[in-house]
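**Q** Taking the hints into account, I'd like the entire structure generated from these sequences.
Chains A and B, in that order, give the protein sequences.
Each residue of the first sequence is one higher than the last, beginning at 1 in the working numbering.
Each residue of the second sequence is one higher than the last, beginning at 1001 in the working numbering.
Check the hints yourself; a few may be wrong.
Claimed, not checked - Chain B is nowhere near these chain A residues, computed Cβ spacing over 12 Å in every case: (1) L65; (2) S141; (3) E184; (4) S430; (5) S439.
Stated by the list, open to error - Reference excerpt, derived from the structure (chain A facing chain B, CB under 8 Å, subset only): (6) G57; (7) A67; (8) N71; (9) T75; (10) Q395; (11) S397; (12) A400; (13) L401; (14) T403; (15) Q404; (16) L408; (17) A411.
Everything labelled a hint here was simulated from the structure, so no lab data went into it.
Just so you know, these numbers come straight off a predicted model, no measurement behind them.
For every residue, glycine included, the Cβ atom is placed at its ideal position computed from N, Cα and C.
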Amino acid sequence: MGNLLGSILHGASSMRAFEQGLNVVQSNVSNAQTPGYVKQTQDFESLSFGLDKGLPGGVALGPLLSARDENAEQTVRRQQSASASADQRASDLSQIEPVFDVTEGSGVAGALSRFFNTFSQLSVAPNSNPSRQAVLDGAKSLAQSVNQSASALTTASGVADRDITNTVDGINRVLGQIASSNVEFQKRFDANKDPGLDAALHKSLEELSQFVDFTALKADDGTTTVLIGGQTPAVIGDKVYALSQDFAGSQARVLNVRGQDISGQIGGGRIGALLTTRNVTIPSYLNDLNNLASSLADSVNTALSGGLDAGGNVPATPLFTYNPANGAAQTLNVNALNPEDIAAASAAAPGGNANALALADLGRSRQVNGFTFTEFYGNLAGRVGRDVATAQNDQQSRGALLTQAKSLREASSGVSIDEEAAKLIEFQKSYQAAAKMISVLNDMLDTLMGILK
Amino acid sequence: MNRGLITMLGESDLERLRGATRKLAQVRQILITPTPEQLAGCGPVLEEAIEILGYVERGQKTREPLPILRDELHVLRRELSVVTALMQQAAGYYLGWAQMLGAAMGGYTPYGEAAPLTGRSHVSVEG
Chain A
1 MGNLLGSILH GASSMRAFEQ GLNVVQSNVS NAQTPGYVKQ TQDFESLSFG
51 LDKGLPGGVA LGPLLSARDE NAEQTVRRQQ SASASADQRA SDLSQIEPVF
101 DVTEGSGVAG ALSRFFNTFS QLSVAPNSNP SRQAVLDGAK SLAQSVNQSA
151 SALTTASGVA DRDITNTVDG INRVLGQIAS SNVEFQKRFD ANKDPGLDAA
201 LHKSLEELSQ FVDFTALKAD DGTTTVLIGG QTPAVIGDKV YALSQDFAGS
251 QARVLNVRGQ DISGQIGGGR IGALLTTRNV TIPSYLNDLN NLASSLADSV
301 NTALSGGLDA GGNVPATPLF TYNPANGAAQ TLNVNALNPE DIAAASAAAP
351 GGNANALALA DLGRSRQVNG FTFTEFYGNL AGRVGRDVAT AQNDQQSRGA
401 LLTQAKSLRE ASSGVSIDEE AAKLIEFQKS YQAAAKMISV LNDMLDTLMG
451 ILK
Chain B
1001 MNRGLITMLG ESDLERLRGA TRKLAQVRQI LITPTPEQLA GCGPVLEEAI
1051 EILGYVERGQ KTREPLPILR DELHVLRREL SVVTALMQQA AGYYLGWAQM
1101 LGAAMGGYTP YGEAAPLTGR SHVSVEG
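**A** Now the structure itself:
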């Protein structure tokens, strides 16, 4: 009788074990699409069996095993960071590319060509006031084009600043989520076995990797330490060491909680690309544009100052003016001159066209770093175009690598509905068999009780 | 060298390059979800593409370059770099697993490296 009751009890224990197995399958299926969730497997352990020693055997619940593959997680986070950086870079440069339009007749290239053409036309009719006015109009149009390009670059720099601010806010928000998960790990002794908490933590880590490159270290208490750029502590236990941004100087900077510049440690994620665009790429383009503007203004002013105006005088006021301290391209302007002030004649031949011809030639001579103005601008536009193409190629390559990393992770840790369906049937059959066994044992017990009455 | 021959050689090279690029594009698709067996299968295609690239590039130095050929070379180089990166990442992933399994099964060598993962060998003699 004792053995019969024992068998019923151990049958019930088996049913509980299989029920737990069914619960795990249900959780896996329900969370198949939950970001950060990985397949859980309920392990079972056989109980000792020996009738002579009163050991009924059976099955007991083993540990709940997580299929989390940290090797795959790290690969995904690394590629996520690189891919987000490439996306951001391609997006930033695509915004800048139209500034350097080299379509026939448009932008700075077109304005340069038209400006030097006005000197050719002036050389044909050096005393014509409309031709002189055309030179002034061409100069104004060129200055405006250069100003617009410089302004567009400055605006792009401002947009990068705004994006850096938003990204730093995003980083701090996710750091807060990771610290919250850490609090749970510290509070709950069974938190390590909670697949939901584990999923939330890994979702946050993956989101963070889009913003910035970092190293995540798992501590013995289950909490995760986050080091930005592998060096700067950002989360330790329940403490967040928030980042901030600074645009006070010429360079955008990301600061740690102590106000120290950590920009040099950041190489990936959206913030890495934004810092490169803001601190390296845009200043480099702007520097070339300033170089072009100052060389152009200086060369044209020097040539004009060597000639004679319509009155036979050396011009008192230069055509172009700019302020190097505030950027030659941004401040390039045309002084308020009258058409008669244009020095079309050379000092040797007043009333002639020699200086107008020399100025027309200036457009074809190598004045900036061994290039003509048009060539120099073309090289700059070409560099921007190559940078865009490189960024787009990189974006495609990184995208493919990220897709591969995610599918490798999916293969090792993801929930397979087919696999879960097979397990479901298996557990259901085991559960039914245990239930049937209890039912039979119960009938036997009833019969026995009837005999004993 | 006459113009007709140049064109003929150029077109032949073009076909080679396009063929290699097509194969690499297929390999790239396979490498999105690679198994170790598939990885091994991708090696010969990569080798062939590199050989074709080298052959055509060497030819470019002595022949009049065709713009279309230059474009196709660029496309093949780009495809090669993506496929190589995908192969490296997948190989790195499986190598990482092999090292973990090796360390779990055989511990570490005296040099601190994970023990190599060795498969059991069987010799079967039938007579």
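**Q** Any hints from earlier that this structure breaks? Give me their numbers in increasing order, please.
**A** 6, 7, 10
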